[in-house]
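*Asks:* Following the hints, position chains B and C against chain A.
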Amino acid sequence: MLITCPYCGPRDVIEFTYQGDGNRKRPQPASQDLDAWNAYVYDRLNPAGDHNEIWQHSGGCRAHLRVVRNTLTHEILSTAFARGGHKTESRS
Amino acid sequence: MSPRRAETGGRIDRLRTIRFTFDGAPYTGHAGDTLASALLANGVTLFGRSFKYHRPRGLLSAGVEEPNALVTVLRGEVREPNIAATMVEIYDGLVALSQNRTPSLAWDIGAINQLGGKILSAGFYYKTFMGPAIGPLKGTRFWMLCEHFIRRAAGLGKAGTAPDPARYERMNAFCDVLVVGSGPAGLMAAKAAADQGARVILADLEAHFGGSANWSSETIDGMPATDWAQRTVAQLEGNDNVRLLPRTTVWGYYDGNTLAALERVTDHKEAAAKGEPRQRYWAIRAGTVVFATGSFERPLVFPGNDRPGVMLAHAAERYVNEYGVLPGQRVALFTNNDSAYRSAVALKKAGAAVVAIIDVRSDVSNEMRRLASEAEAELFAGHAVVATEGGKALTGLKVQRFDMMGGALGGDARSIHADCLLMSGGWSPTIHLASQAGAKAEWDPARQAFLPPQPRQRWIGAGAFTGSFSTAEAIAQGRAAGLRAAGGTASSAPLPAVEAAPGDPDPAPVFEIKAEGKSFVDFQHDVTAEDVRLAHREGFVSVEHLKRYTTLGMATDQGKNSNVPGLAIMAEALGKPIPEVGTTRFRPPYTAVSIGSLAAERFGDLKPERLTPMHDWHIANGATMCSAGLWYRPMIYGLAGETVEQAYVREAKATRESAGIVDVSTLGKIAVQGPDAAEFLDRVYTNMFSTLAVGKARYGLMLREDGLAFDDGTTWRLGEQDFLMTTTTANAGKVMQHLEYFLDVIWPELKLTVTSVTDEWAGAAIGGPNARAILASCVTGTAVDNATLPFMGIVHGQIAGVPVMICRLSFSGEMAFEVYSRAGYGTRVWEALIEVGKPFGLVTYGLEALGTMRIEKGHVTGAEIDGRTTARDLHLDWMLSKKKPFIGSAMMDREGLIAPGRLQLVGLISLDNRPFNGGAHIVEDLDEANPHGSIGHITACCYSPALGKYIALALVEGGNARHGTRAFVSDPLRNRFGPIEIVSNHFYDPDGSRMHG
Amino acid sequence: MAEYSAFSLLKNALTGNKDWKPAWRKPDPKASYDVVVIGGGGHGLSTAYYLAKEHGITNVAVLEKGWLGSGNVGRNTTAVRSNYLLPQNTRFYEHSMKLWENLSHDLNYNVMFSQRGCLNLAHTPAQLDDYARRGNAMRHLGVDAELMSVGQIKRLVPALDVSGSARFPVLGGLMQRRAGSARHDAVAWGYARGADRRGVDIIENCEVTGFLRDGGRITGVSTTRGEIRAKKVALAVAGSTGRVMQLAGISHMPIESHVLQAFVSESLKPIINTILTFGMGHFYISQSDKGGLVYGGDLDGYNSYAQRGSLPIVDEVMSEMVALFPGLARVRMLRSWGGVCDMTMDGSPIITTGPLPGMYLNCGWCYGGFKATPASGWCFAYTIAKDEPHEFNAPFTLDRFYRGLIIDDKGQGATPRLH
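Residue numbers (this note's numbering), protein chains in the order written: chain A, 1 to 92; chain B, 1 to 997; chain C, 1 to 419.
None of these hints come from the bench; they were simulated from the model.
Take these hints with a grain of salt, some might be off.
[As the list claims (entries may be wrong)] Dumping the calculated DSSO-like pairs for lysine-lysine here, alpha-carbon to alpha-carbon at most 27 Å:
| no. | chain 1 | residue 1 | chain 2 | residue 2 |
| --- | --- | --- | --- | --- |
| 1 | B | Lys-607 | B | Lys-751 |
| 2 | B | Lys-607 | C | Lys-410 |
| 3 | B | Lys-576 | C | Lys-18 |
| 4 | C | Lys-65 | B | Lys-576 |
| 5 | B | Lys-607 | B | Lys-440 |
| 6 | B | Lys-158 | C | Lys-154 |
| 7 | B | Lys-138 | C | Lys-11 |
| 8 | C | Lys-21 | B | Lys-514 |
| 9 | B | Lys-734 | B | Lys-882 |
| 10 | B | Lys-138 | C | Lys-65 |
| 11 | B | Lys-882 | A | Lys-25 |
| 12 | C | Lys-21 | B | Lys-118 |
| 13 | B | Lys-576 | C | Lys-30 |
| 14 | B | Lys-884 | A | Lys-25 |
| 15 | B | Lys-440 | B | Lys-696 |
| 16 | C | Lys-65 | B | Lys-607 |
| 17 | C | Lys-269 | B | Lys-118 |
| 18 | B | Lys-118 | C | Lys-18 |
| 19 | B | Lys-392 | C | Lys-269 |
| 20 | B | Lys-518 | C | Lys-21 |
| 21 | C | Lys-53 | C | Lys-65 |
The structure displayed is predicted, hence computed values, not measured ones.
The shape of chain A in the complex, shown without the other chains (with noise of 0.2 Å):
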């Protein structure tokens, strides 16, 4: 699997590090519902298809991606910054 990264561009899946479900909403710091908080830690979106994901550059310049990722196909739709800004469409 090659996952382009906005910054360092094509990169082999071993740079990388997976932080999971990419759908999940962390609840404001002083918020107090539980349930908000439970569902953030616990619950994830695991679908059979494309997929939002957080992946790390770690073994590069460690800059977290937004990356769109088929998860029956392994094939990368569209990886973005994080943070926001530079994004890159790879499905042909």
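*Replies:* Only chains B and C this time, still in chain A's reference frame:
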């Protein structure tokens, strides 16, 4: 020259004689021979024993699909088992052994299994060996008794235990076009792509490029096909943009068009040249792959089809045309398709008598009849082979009239005297890699074969791989594929002309001849047609059940020979078309890959050794090192004759009495810098850092999101916007990643950076009543007195001319300082401290004494922050700020995390004055014979020189309420039981007067 | 007489093996059942078997989307052990172990459970303490465990490099002698046959495409072979839990699906006679009765339903293997494959009533599901029959995560790939 070796022909070098041994007997062959061709030339017919029945077996094939002729190759003590003799290129001094036989290949006691006959049918293991349900052999015992003997009988070659001294190399490669297979299609593809200027890699698992051109007897461009192939290879060799990889098996197709290949660099040589690896593992990222992998000829299934001397038809062509070896003098052929007629002619030309061609089809074309006459063979159209004769070598066969429609046999059986029977059951395209790439193969009823699936990754097929079995088609498709892969446009230039024997590519749909006797489908695993039908009878009808129940296709050839015939027999039993039985999805590797090559030099990469700047000093000064994650750290600095306990007790005692110094460079260090650094730390730590004054440090605790304790350490405020965070050694990487995640994903609006600086700093912790005096006598540029450097204060100065940063903090509980210098100067500072410490009796201490002093103080480390404990469990709740939210604050008080009876941190004192062991458990009622009722466990233990007792830290259920009570240590693993007192974890100087000084 | 025995083998051999019956029937689905079990893998089949055997509930269908046993029961590395740290896990897996020890007799099917032991190698003093903690925890629950010295380990596994010059020298190990391995397919087939003979319908090539509901209650399933009503619908679809729960309208679960690769070498004469795990990486190995070395390592580390692995993990696993066994560098990897694992947030499974009325859920086996097969089915059958969990599976609730009652044997927290 042996009688089986032709005077001319083939690519062997008859002037070069190679000497080798097989099962200890000396043989000779020629340069260019494989072990198979050389032994065959010497008249050897018996090459191996089958897995289950230990039946004698000869060569089935000439290539990578060989299921029978497996050998162990010896290089000194180093063994390489299960290598196909057809893939071993001989060299002087080659030592090869046959396998799975006792005492010898010719006389194998295991052959007694053949007497088991129908009892040892498919799946018989599942129906027996269960033994009695009661008595001494109940449960699993009877099976294990039987299994002991079964395991010895099973297995093929024997692996060695001597370490393999060979070097394996890994290579990452990138190309525009990877061409797999170098037959006419592959060569054309490589040439076309290379001419477009593409970066091309051409790989072939054989030693010589050319594929079928090397043995087909065809002509291309007016010259023998093999010459055309060599000319094309020569043209490719001249190109800078082409890399040629012979002896290279592309075995895996992974995501992102990454292909894995194994190059056998020196296996064919007597000795590797200097610097040459044994094998090279290629990870190739290809723009486009061209599969020109050809096809496999299929065996036919009929009684006695496994007798030595029965061989695939094209294999015989290869032995004749590539090696100049005749597999027999009197050759018969048995076929369901036209390709075998070409083989018959080739054998005839090489000097064999072709005594018969038995064709299951009654309507053999005139062209084939002409080829049969050319081979001077008697043609038995509408006939089938129903038996073979001979012992360890074929002597003859029986044929009978055969009705292709119903499969019925009729008429009298006729015997034919022959020493070699060639068979052809049609051809299966080699689609394994394409199948690995993700899609399902498609059955072609005309070709009677699975054709490649629609591509999901970027590959193009050409030649026999696509089911186009003629060389002319291969050449056209190869060029087209190469052009397309390189992004070029179709060429109208004329294609090389091919002269080839005629033939219809479609075989008759006949896979099995049903007659009395064992008909083998999977040769190595001894799976017969009857076994397939038994699987059907018992309901194991899907292709995967068939495989798993009978082990068909699970042998070292991975079904290359047996897959389609097995499916066909099952389909017939079911009365369904073949594709409805299912298709096997092929998995990596295409052929077996040495584990050494895959490991190639990677272990060091994946598990680097981490050494502190003072590592060499520790070694030179008598430290006993131990692993701490990837790091090496001194465990003790033992004196002659000291036990570990004596050493750490001495070190700890000396530290508490005077001073000690320890290397703390392994602590994780993270620079947290920026306008929002303080705010960020307030969020990630449970306690406040924004209130920390510049020039001061504070102990901090982090929780995970789920509210459990994560890591602890001190963080130093070096400037208004500049913090140096320290973490535990074990969690340095995890904490860094945790911080980066929050900065990038959760709070991108915060303005700060985090930088791992662990390796930038060398750290020495010096503690004890004299620590300050020692520092005072060597530090310049700053005072270190209480006013200048109070507890948790930070100063900058120099030691031995090296700038240092000193923080007064204590893990040992003594008046202590951590001295940080740039990593490159760590040893210089360390040595300077030791030098000035000498008059004070300064000792170096290792992890054991460090642990001892922290246990005495009741500090926690990774043994207590084990991912299951909370701040409250560890009495760190005083650090949980109520003034602000922090990571984990919302989750830390959930029901399960504040339940009574949780494991809580306590201290233990041994009441029988005997040492504890880490990992021992605590019980209220001691029962040595039948331990039960654990209420907790020891996390760390030592002899405490300060207390004069054996003590421990422990996590105990409801531990807070147990202080002052008695219990027992229960350690059945080490047979250590005894009374204990449960106390507070703060054993020593609980109010901290020593460190505050 | 038992259907399968040495005698029946002999008798059938004399009649040309023509009289063997199918191991299980191939019935068409009925319109309704008392219990429909979704998933014809090890856990679903053992659930059906114990429903029939222990609770007399035989009007049961097991629905399998492909061929029986096509999921993880046929893709694992066959280890059976109960060497856990936390008592909730140890009690459950020890119950499983006890069922394993008599399973071949119980099923009249030789599942080839061989108690050759499982040895966890320790490479640092801290790790040895950790293993001692675990072993002692096991001993205090009546489960066998012992520490082995380097000398004992060398005698047991002569091919292992126990030299001090190894990157991570072996300091000792934790051995559970009653652990071992079994023939994975046989477990599926044995349970299938046992359930079938007790009247359970095993229906292959029957994929669930939706759930039937009456109000909020699950009343059956729609499948590629028609609608099937059921009083109780039980899910045992580890590896596909996310997909099937989605059909029930539940989009989020405390589960990620991850690929785990496994490898087998060519057949060798016996060289490793126990299950062995490496402590400084994620590597385990044993040798099958056929002689293949069966081994594996870490998860690929990202969500996947693809049953195909990535190359970096291949390299890592092999490198760890050679580090432990330098003599096996010339042995060859014959086959590799991937299985999709339900990785939970604490590494422990879920066997529970609900989460919807009429539904029962068995999932989250991470990569330890094979050894759990007997107890999982046994406990799930109990839970389905009684509408409440047995004490062995009572801790394995779905709500334990929210409540903070996590069972985290590895202490890794809610990062599934690290369990």
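*Asks:* Hint by hint, which ones does the structure fall short of?
*Replies:* Violated: hints 1, 5, 10, 15, 16.
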